[in-house]
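Taken in sequence, the protein lines are chains A and B.
Heads up, the first sequence is in my numbering, so the first residue is 1 and it goes up one at a time.
Heads up, the second sequence is in my numbering, so the first residue is 159 and it goes up one at a time.
Calculated from the structure, these hints are not laboratory results.
Glycine included, C-beta positions come from ideal geometry on N, C-alpha and C.
Worth double-checking, as some hints may not be accurate.
The following label-pair restraints were derived from C-beta to C-beta distances [stated by the list, open to error]: (1) A:G47 x B:K192: 25 to 33 Å; (2) A:P110 x B:G940: 46 to 54 Å; (3) A:H119 x B:R296: 39 to 47 Å.
Facing chain A, according to a computed beta carbon distance under 8 Å, are these residues of chain B, among others [stated by the list, open to error]: (4) K192; (5) Q203; (6) H681.
Per the computed footprint, the stretches of chain B lying under chain A, defined by three or more beta-carbons under 8 Å from a beta-carbon of chain A, are [to be verified]: (7) 371-385; (8) 423-432; (9) 457-470; (10) 891-902.
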Amino acid sequence: VDGTNYEDEVEPRLLLVHYLRDSLGLVGTPIGCDTSNCGACTVLMDGQSVKSCSVLAVQADGSEVTTISGLANGTWHPMQTAFHTEHALQCGYCTPGMILAAVDLLQENPTPSDEEIRHGLEGNLCRCTGYQNIVRAVRTAAASMSATRGASNSGGQL
Amino acid sequence: MTEQLDAGMVAQQIAESDEQSAPDASRSIGKAHKRKEDAKLVTGQTNWTDNITMPGLLHMAVLRSPMAHARISRVDVAPALEMPGVVAAFAGAELAAELGSLPCAWPVTKEMVSPEHHPLATDEVRYVGDAVAVVVARDRYAAADALEAVEVDYEPLPVVVDMEKALTDEVLVHSDKGTNACFVWPFEAGEVDRIFADAEVVVERRYIQQRLIPTAMEPRAVVVAPIAAAEEFTLWSATQVPHILRIMLALTTGIPEQKIRVIAPDVGGGFGSKLNVYAEEVIALVVAKRLGRPVKWTESRSEGYQATIHGRDQIQDVAIAATRDGRVLGLKVDLKADMGAYLQLVTPGIPILGAFMYPGIYKFDAYRFSCTGVFTNKTPTDAYRGAGRPEATFAIERLMDELAAELGMDPLELRRRNWIPHEEFPYTTIAGLTYDSGHYEAATDKATAMFDYEGLRREQRERRDRGDPVQLGIGISTFTEMCGLAPSRVLGSLSYGAGGWEAASVRMLPTGKVEVVTGTSPHGQGHVTCWSQIAADALGVPFDDVTVLHGDTASAPMGMDTYGSRSLVVGGVAVHKAAEKVVEKARRVAAHMLEAAEGDIEFDGGTFRVKGSPEAAKTIQDVSLAVFAAHDLPDGMEPTLNSDFVVDPENFSFPHGTHLCAVEVDTETGMSTIRSYVCVDDVGKVINPMIVEGQVHGGLAQGIAQALFEEAVYDAEGNLVTGTMVDYLVPSAADLPDFTVDRTETPATSNPLGVKGVGEAGTIASTPAVVNAVVDAVRHLGVTDIRMPCSPERVWRALQDGSTGGHRAAEGTVAWGGASTATTAGGAGDTTTARGTDPNGGAR
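Extracted from the complex, chain A is given alone in its bound form (with noise of 0.2 Å):
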């Protein structure tokens, strides 16, 4: 987890984001339902993003878990940076599963269009931004980070 190796025994019924919060104290990922319904648990798996209420730590054995915390790398992530200078969240609870779930869009559709946005990021609710400014932030970071490719030709970040 957050380039961390960690091994524990675990019950078999034990969530991921409970074994994150709870045996690790990596709690930079929150809880907000009990239904994956609203994404703000949801971390990177293998470099897929998932819910991590809706994965047991068992299914994770043996896998690279990237949470919030651990997504700068020494300098935050085009995706942060772009959160913040859009102003993309009030609150900030949905904010780290929505940007896990943001990067996730990116790797797959690295020029995505509003729409294309917008439908990628409707399993992530947020209560407070009316998601308008999310938009943004994405499109952004699309933006920052194709410069970055552009410039450093070394086939993007995380």
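Add chain B to chain A, keeping to what the hints say.
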């Protein structure tokens, strides 16, 4: 969806708008500073209540009633105590004496029926979700497991969920009270009966404000850490109101107020749902006291849908009297407001807040309002974003559209003929409020130009003419609201249990940096950023040099917290005034340091100068250090550069605006799609335009959600059918359009910053704009109303009934989530009477 204006362009329009003052480059106020709050939020370093842990922490789980109304004949927690990891378990009777009764702070009338509200039910449960017992265990899984072992015997009692049935008193929610009518609150001004009897046109309607679930993204949570030996307690809660909570916990449990410290750490949204004193907060405190160990409780979302307050749920019977040429004369409102099973903190006051807003921005000669509060076997209602004012605004703005249709007049023209003209401010309305400022003409002109009102009307006519299966509707909402709660004197006259002041402290630190302490309690609004801007300007220090402390009764001991769009207009103004006090004291020190008379000292941009000798100068940071050293201060001066200020506002704040919505309705499927949404809001002077725009966006989303998506549905047995996020449709990014938002700027005259509230404006304004648009799209097909939420099925059914005179989806139709809506009667009762065309016009 077409024609989405680029959001960056909108921001540019806001910046360039000639109605707005250009920001002064040397000042912080008016600039779109990025938020100081964001760093921790985008990196996951946030301190939500559920993140808090400590040695020996126990987890509490709450057993809730599965029945809407029943007598509890037996509760046995003993089997739960046998479960692994369980430390304690309690039923209501055991804790009753310590738990007390949950408070209602707003007895709206002297006669109001105010039932006991035990945090843990003792003898009877009155809604699904009523707390019955608690289990405390070493981890949350063990606590949840053990709940299943608690044995409860219920004897079912009759259930009433419908307000009109409840008012027959055939089934009583509180049998000892003898009635389900909680209160009747009347208001009357002008010659209502005469005006209605003589009016050329009267339009009567019934509107249903469906029940909503606020759904802040962070579920509620509470942690209590006791110091048992000293009987002192620290309580963290996901609350909007740490100060009110502290007082109420003391009054409810008998623990002395000074022994309780309440902290609202990072709080993930509230929208009114965390403006309360909840059972679990009291129970966790009492259980922690009993056990002498820290206790945590966090609700699951489904649990919260039952146990956290709901909003709206009103039946509005409204009538408007007017002349044939379109001048409104009189307004009548008969309101029924669902309290749910108990009164929470301000439950009865919510519809009363609306009472003053039904006349909206229009000049009426007479107004009659009456509200009946009604108990039902449902989750209690209370404040939800707008709190009474969205309901009032919906009614008047829908009614203006209906009157326009009756008169054959453009609905915008009808509004222009009746609103308060700019030159008549300040204006005292028929409801007794004095609107200090407003400019409805400017906001409307700007909005209609951006919206292309005439062009869309043209397209609407074309679509109607060619019988296009996709029809276009245009919805208008020219709203105002009262917010910034509130002058203490007015709250007193409304029987509210507290004042409406707000406190701030400003402390200059030895290094010249600044600590602002505020009594507001932000949970997403950006107070830290905005209060920094206000203090930076008043003190002439850099924005980055200011920090803001809040949400902890130890560090911010005085406060009335955050709700009712009050934080800026009361709390922000208090910061400004406290900073001015610091400057005045610093001026005396500077005069002493510069050996000049105090009256000769000028202050600008953080520097004190002697008039006529600009080279003789001391910065406020110089002064701050000198005060800290205290080596050479004026005789008798205390060596601090701190100040406190408490603001009690002289009036409410009256933001207003014009919202225009274009909706495409597919007449074959009933699907409504917002094509464009333009709003021009006037929230007075703006501290941070980026944050204001964000508040408007979020407000619009929640108002649109009421119009199109959300409804809390109960079945006849009192089960919350929309009990999870699967069934209750909180809109996603894919469900909402881009908004085109702009502003006019008419400064408030009631505070020195010229600011008005903004948190609720978007929600209050948008619901009627959207529904007016949906109805407008299909009015020519015989539809005069569609009950909210305007789901495809409801719209489709209204269209099927339209030609035969029906105007609302039939009772029992389904909402989006597939849930049956059996709670509130729709249907008959809407009448339009046009004197001279209807021979029975008098018999209404």
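Here's how the hints hold up against the structure:
1. For G47 of chain A and K192 of chain B, the hinted distance range of 25 to 33 Å is satisfied, since their beta carbons lie about 30 Å from each other.
2. Distance hint for P110 of chain A and G940 of chain B: a CB-CB separation of about 50 Å, consistent with the stated range 46 to 54 Å.
3. A hinted range of 39 to 47 Å for the beta carbons of H119 of chain A and R296 of chain B is consistent with their spacing of about 43 Å.
4. Look at K192 of chain B: its Cβ gets to within about 6 Å of chain A, closer than 8 Å, so that hint holds up.
5. At about 7 Å, the closest approach between the beta carbon of Q203 of chain B and any beta carbon in chain A falls short of 8 Å, and the interface hint on this residue holds.
6. Because the closest C-beta pair between H681 of chain B and chain A is about 6 Å apart, less than 8 Å, the hint holds.
7. Under the rule that three or more residues need a Cβ within less than 8 Å of chain A, the assignment of the segment 371-385 of chain B holds, with 5 such residues.
8. Residue count for the segment 423-432 of chain B with a Cβ under 8 Å from a Cβ of chain A: 5. That meets the three needed, and the coverage hint holds.
9. With 3 residues having a beta carbon nearer than 8 Å to a beta carbon of chain A, the segment 457-470 of chain B meets the requirement of three or more and the stated coverage holds.
10. Using a Cβ-Cβ cut-off of 8 Å, 6 residues of the segment 891-902 of chain B lie near chain A, which meets the minimum of three, so the contact claim holds.
Of the numbered hints given earlier, the model fails none.
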